[in-house]
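Engineer: Once you have looked at the hints, place chain B on chain A.
Single-letter residue listing:
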Amino acid sequence: MNIVIRKLIAKELYVNRWFIVGGSAAGMASAVIASLGKTGFNVGALTWLTTIIASGVMLALYGIMNERKEQSLQFVLSLPLSIAEYVRAKMLGLTACFLIIWLVSSVAALMPILLKDSIPDGIAAYTVLLCVFMLANFTVVLCGALHAQSEALTSAVIIVTNMGVSIFMFTVGPLPGINEHMWGPAPVWNSTFWTVLGCELAVMAIAFALPFFFAARRRDFL
Amino acid sequence: MNDKHIEMRGVRKTYKFFTLDDLSLDLAPGEVMGFVGPNGAGKSTTLRLALGLIAPDAGEIRVMGHAMPDGQAAAKRDIGYVSGDMRLLPHATLGWHMDFVKSIYPEWDGGYAATLIKRFNLRPEQNARSLSLGEHVKATLLLALARRPRLLILDEPTTGLDPVARHEVISEFMDVLRDDNRSILFSSHNTVDVERISDRITFIDRGRIVDCSNKEDFLDRWRRIHVQLPAGTTLPSLPNIVGRVNDGQFITLTTNQFSEGLLALVGSHVRDVQRMNLEEIFVANVMHHREARGQ
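If you read the protein sequences in the order shown, they are chains A and B.
Mapping to my numbering: the first sequence position 208 is 208, numbers consecutive.
Mapping to my numbering: the second sequence position 233 is 233, numbers consecutive.
Same shape as in the complex, but just chain A (with noise of 0.2 Å):
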């Protein structure tokens, strides 16, 4: 890795300081107000998801969108570095960014459940599959926006990823597999776990490798 992306990298962090400290604290609020009974558990959790979610969207639009529309990507191009370059440092950067808060989110989500007699520790193996759902719907979005060339575009992947979270909760949180050890006592990590899990890496992968095959490829990038 070249200084430049290197310095892009460090870049994205200290732009974003104030933004990830404000999202890995309110992820970690939220986890907290989850762990204190049914009516703080449905507010945490809600604002645990939309914490996720608009930390993840606003990277995205931030780090992508707005670099373009605010002219600022003329500088950062004007920098000794080619358009597959920018790509891997803007991948790296934003996903550096996003993976403070969502590992502190995620360890603040499953500390209670481990730590808290209260809550059952079956919800756990749910739980790590709705984090790297979050992980892998991240992806998708950084995806987008760097392949979209409009901003309708990159409304439209928001607006499908956004659908994803619920998708995945009526689908992922039903499956026998899943919904019978939910509220058991111990988490239980089944063959419907591990294949929900890969197909959540599959997607991960996929969209993180891609930018590097096409966005990072592209010929015109203002």
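Read the hints as simulated data drawn from the structure, not as lab findings.
Cβ atoms here follow ideal geometry from the backbone N, Cα and C, with glycine treated the same way.
Don't take each hint at face value.
[Unchecked claim] If you only want the chain A side, here are some residues facing chain B, beta carbon under 7 Å, derived:
| # | residue |
| --- | --- |
| 1 | Q71 |
| 2 | P80 |
| 3 | M169 |
| 4 | T171 |
| 5 | R219 |
[Stated by the list, open to error] Here are the computed lysine-lysine pairs in the DSS-like style, where the Cα-Cα straight-line distance is at most 27 Å:
| # | chain 1 | residue 1 | chain 2 | residue 2 |
| --- | --- | --- | --- | --- |
| 6 | B | K4 | B | K215 |
| 7 | B | K102 | A | K11 |
| 8 | B | K16 | A | K69 |
| 9 | A | K69 | B | K102 |
| 10 | B | K102 | A | K7 |
[Said to hold, decoys possible] Over 10 Å on every C-beta distance to chain B, these chain A residues come out as not near it, computed from the model:
| # | residue |
| --- | --- |
| 11 | T47 |
| 12 | F75 |
| 13 | F212 |
| 14 | F213 |
Structural biologist: What follows is chain B alone, placed relative to chain A:
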């Protein structure tokens, strides 16, 4: 071929409603080329092609010895690019930008950067979002100049600036030109700025280069000849006349190849011969080429 800072041959770039066609352009070390054209003529497209930010559909582009766009990462080590509509990262200060650029370019000249900060009346702690248009241009210029690039590509850097800011920016370009090995490609539709700093000028209109020459050559060649014809007389057929305006017995001729021989052909009917400034030459040149192309 490789000693040129920019070399473009037969470049074509097609968009839905615009085509840059058969563009050929050379920029030698130490040369300042003013790239003049009306809005939408293809100036920014040409400069972006030179930077490798867009790829040509046909033709060859070499910048600082590198084939573009593939060699853009290496070429841009030696290029400082400033555009009038370029903006810095909104959530960072100018000081952060200076450190950022410095960390990428080992040639960064801290002393010169400090001089420019003072000269442009900028403050490193100022957030990019709070910079005015003029300050933004000066800030991007500072970031480009302090890394001591061998080639400066400037896309309408003075557009929208007040006269004082324009003077400061242009003066800085003049300073850069003291180094014979550095070259500038400077696009603008402001011919006054171009006339001040350029030694070669290229006119572009509707995606085609219409003329390219030394500034002095343009100023020497182009003239307006005012003629008064007595009733019943006609002008003989004259070569190199690119514009003619009749007003009764008064005729104004515009030539792009002025010579004493041409005056001799008009004879005693000549009332006045006027030198033309660059703006007048630019407009006459563009209109002549549009007429010639039936546009």
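Engineer: Against this structure, judge whether each hint is valid.
Structural biologist: Tested hints:
1. Among the interface hints, the one on A/Q71 holds; its C-beta lies about 4 Å from the nearest C-beta in chain B, closer than the 7 Å criterion.
2. For A/P80, the shortest C-beta to C-beta distance to chain B is roughly 4 Å, which falls under 7 Å, so the interface hint holds.
3. Residue-level restraint check for A/M169 is violated (minimum Cβ-Cβ distance to chain B is 34 Å; threshold 7 Å).
4. Hint on A/T171 is violated. Least Cβ distance to chain B is approximately 39 Å, over the 7 Å limit.
5. Because the closest C-beta pair between A/R219 and chain B is about 4 Å apart, less than 7 Å, the hint holds.
6. Simply put, B/K4 and B/K215 have alpha-carbon atoms about 19 Å apart, close enough for the 27 Å limit, and the pair holds.
7. This hinted pair checks out: B/K102 and A/K11 have alpha carbons roughly 13 Å apart, not beyond 27 Å.
8. Annotation: proposed proximity of B/K16 to A/K69 holds, straight-line Cα distance about 21 Å (limit 27 Å).
9. Under the criterion of a C-alpha separation no larger than 27 Å, the hint pairing A/K69 with B/K102 is consistent with the structure, at around 26 Å.
10. Of the supplied pair hints, the one linking B/K102 and A/K7 holds, its CA atoms being roughly 11 Å apart against a limit of 27 Å.
11. Listed as outside the interface, A/T47 is consistent with that label: its C-beta sits roughly 25 Å from the nearest C-beta of chain B, beyond the 10 Å cut-off.
12. For A/F75, the condition that its CB be more than 10 Å from all CB atoms of chain B is violated, with the nearest at approximately 5 Å.
13. For A/F212, the condition that its CB be more than 10 Å from all CB atoms of chain B holds, with the nearest at approximately 16 Å.
14. With a least beta-carbon separation of about 17 Å from chain B, A/F213 lies farther than 10 Å from that chain, consistent with its non-interface assignment.
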